[in-house]
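Throw the hints in and build the complete structure from the sequences for me.
There are 2 protein chains.
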Amino acid sequence: MASWYIESGSESDVVFSSRVRLARNLKEFPFPSRMSKEQSSKVLDRVKEAMTNSSVWANANFKYLGMKEMSPIDKYTLMEKHIISPNIIESKLDAGVLVGCDEKVSIMINEEDHLRIQCMSEGLQLEKTFENCVNIDKLLNETIEYAFDKKLGYLTSCPTNLGTGIRFSIMLHLPALTMTGYMNGVLDACSKIGIAVRGLYGENTEASGNMYQISNQVTLGPREEEIMGAVKGISSRIIEQERALRRELYQKEPNKLADRIYRALGILESARIISNDESMKLLSDVRLGVEMGIIKDIALETINNIMLNIQPASLQKLVVKDMGPNERDVERANFVRKLIGNKL
Amino acid sequence: MASWYIESGSESDVVFSSRVRLARNLKEFPFPSRMSKEQSSKVLDRVKEAMTNSSVWANANFKYLGMKEMSPIDKYTLMEKHIISPNIIESKLDAGVLVGCDEKVSIMINEEDHLRIQCMSEGLQLEKTFENCVNIDKLLNETIEYAFDKKLGYLTSCPTNLGTGIRFSIMLHLPALTMTGYMNGVLDACSKIGIAVRGLYGENTEASGNMYQISNQVTLGPREEEIMGAVKGISSRIIEQERALRRELYQKEPNKLADRIYRALGILESARIISNDESMKLLSDVRLGVEMGIIKDIALETINNIMLNIQPASLQKLVVKDMGPNERDVERANFVRKLIGNKL
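As you go down the protein sequences, you meet chains A and B in turn.
First residue of the first sequence: 91, per the working numbering; consecutive thereafter.
First residue of the second sequence: 91, per the working numbering; consecutive thereafter.
No lab work stands behind these hints: they were computed from the structure.
All values reported here derive from a predicted model rather than from experimental measurement.
Certain hints may be false.
Heads up, the list lumps identical chains together, so a pair's fine if it works in one copy or across two of them.
Below 27 Å or equal to it, Euclidean Cα-Cα: the simulated DSSO-like pairs (lysine-lysine) are [stated by the list, open to error]: (1) Lys127 to Lys218; (2) Lys428 to Lys386; (3) Lys241 to Lys138; (4) Lys346 to Lys411.
Below, the structure written as structure tokens:
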């Protein structure tokens with residue numbers, strides 16, 4: 091079954107994915123940071139029950155994955171798929187995640203807040219993704235009473251999420267902005283208007299594969315639609331800049347650009363040992379080639395599939411056998427060669 | 091017709107080619123450095139006549155190429171094929187070269203000495219190459235009187251060639267010695283026993299493509315056969331060291347070696363812009379792969395052919411149109427892709 095992180099969607103020449111996340115807490119319980127293990131267990135049960143009893147959502151084949159029951163490899167694989175956060179893996183409480191069968195919807199329970207409802211989509215589709223999120227939010231709210239204040243809105247563990255508790259994120263592939271050095275200007279401009287820019291794996295992670303996550307920092311004050319508008323607005327300006335720079339790179343020195351793209355492809359098709367970091371850099375170049383129509387026989391979905399599966403835990407899960415880092419670099423190279431060789 | 095620089099011969103896993111060169115001067119004329127242009131013209135005529143009148147050699151289809159008549163591109167192309175030296179291109183005298191149709195034999199006239207008789211062969215075959223050289227030497231000596239002293243032997247322009255006037259050279263491909271750093275020890279050892287080590291294009295050139303030319307420095311004293319024995323002896327020890335190191339590299343880290351070799355091949359198959367220097371480095375890695383049987387679908391002859399034709403003048407001659415260095419790097423990449431793609 092196709093998942094959000096394999097498909098490619100609208101504006102897919104620059105936009106990798108859209109994500110909406112809501113932070114919610116149950117009124118009767120203290121925030122996770124001040125909660126006993128027993129209380130966390132009760133929160134878990136309450137949320138699972140709310141979902142299971144819903145006839146609508148039972149059809150969606152949600153499955154519950156408890157952190158205690160999962161192997162480290164399975165947990166890190168979910169993290170690499172952006173379905174759970176690093177935080178919840180570290181949690182000492184009873185914590186878990188409800189995952190929709192296509193992995194586009196997930197509900198983390200007892201992470202920083204009692205509930206983190208997250209919807210993801212391929213390409214640029216913030217409205218639809220937001221709608222999905224709102225539907226789940228409403229459904230849970232039918233049986234669960236949220237911590238809510240008339241003045242402050244939804245109460246959250248960290249004040250930065252107070253109010254709407256919402257984060258809209260758009261993941262963009264920005265190789266041209268990065269290689270020309272203009273990305274620094276984008277980062278400055280974003281920070282001045284309350285827009286956060288992060289790497290592929292959330293806060294404090296480098297922009298691996300030239301993937302940047304654009305999201306709102308402000309949650310209190312404006313309405314959800316206004317916040318969405320701001321994130322969409324800045325994103326579309328960044329997208330246009332990226333496209334203009336790509337055209338310029340191509341027009342100025344077509345051979346230089348083609349050289350970079352085809353060398354990256356050549357190395358990915360040939361290497362016998364390759365690190366995650368180098369793979370991501372080269373895949374970014376190949377992705378650019380596909381996005382610009384320079385490479386025609388490789389699908390974006392293939393690149394998405396490789397990008398995900400070469401992450402350490404996902405690769406480990408794929409190969410099954412236990413591996414040290416050196417062996418992993420060999421298995422990664424084998425996997426990349428196999429997948430990138432399966433041309434359209 | 092196959093030429094020495096395209097074919098591959100005995101011990102071809104390490105030995106690229108064998109070369110024997112004789113320095114000779116005509117008794118009646120001063121050395122080229124002290125010769126008038128008129129005198130040089132007379133030397134030219136005398137040598138050409140000696141060759142043309144020989145019934146044996148007329149059959150070998152020798153052709154005469156005068157330096158004055160040739161375009162710079164043609165001259166540099168001959169230099170890149172090791173048929174003439176950089177010196178003769180710069181000469182202000184009437185100078186030229188007699189070339190056998192398979193380009194294995196060439197006689198430079200009015201280079202540093204009046205005559206430089208050179209025979210080349212693919213692989214390791216110093217005896218046969220020496221025999222070819224001796225035959226031409228004898229033939230010329232039938233009608234031409236050499237400058238010869240009973241005590242000193244053949245008189246030459248530079249005292250380093252005095253006596254036998256002979257240089258035996260073996261061109262070796264030594265990537266394992268180079269990448270492990272042991273080549274420095276080889277260089278030291280050679281210099282101590284009067285063996286010169288040069289790069290692909292003679293004195294003061296770097297070992298482009300990890301090709302090293304092993305030759306005698308001593309010409310006065312020992313007999314030709316003794317000199318040949320010394321060059322062969324040291325060469326076979328270097329060849330054995332290179333082979334042992336290759337086996338060791340392969341046994342210790344087969345993936346690392348394969349990674350290096352296949353990445354080189356991947357880049358050569360993909361690049362759209364490539365310098366001569368980078369091409370030679372990568373071709374050396376691919377050559378190693380072929381020599382070790384790791385790459386099975388590319389012939390050594392293909393690599394030889396590429397190595398020769400990507401040199402600046404040869405490439406210019408091949409592409410025909412006038413090119414700047416940037417355009418040359420693009421055309422080089424096109425040429426390499428085309429040739430290396432024509433697998434066995």
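How the hints compare with the structure:
1. Lys127 to Lys218: So Lys127 and Lys218 fail the 27 Å test inside a copy (36 Å) and across (89 Å) alike.
2. Lys428 to Lys386: both (18 Å within a copy, 20 Å between copies)
3. Lys241 to Lys138: neither (29 Å within a copy, 106 Å between copies)
4. Lys346 to Lys411: between (41 Å within a copy, 21 Å between copies)
Violated hints, in rising order: 1, 3; the structure is consistent with all others.
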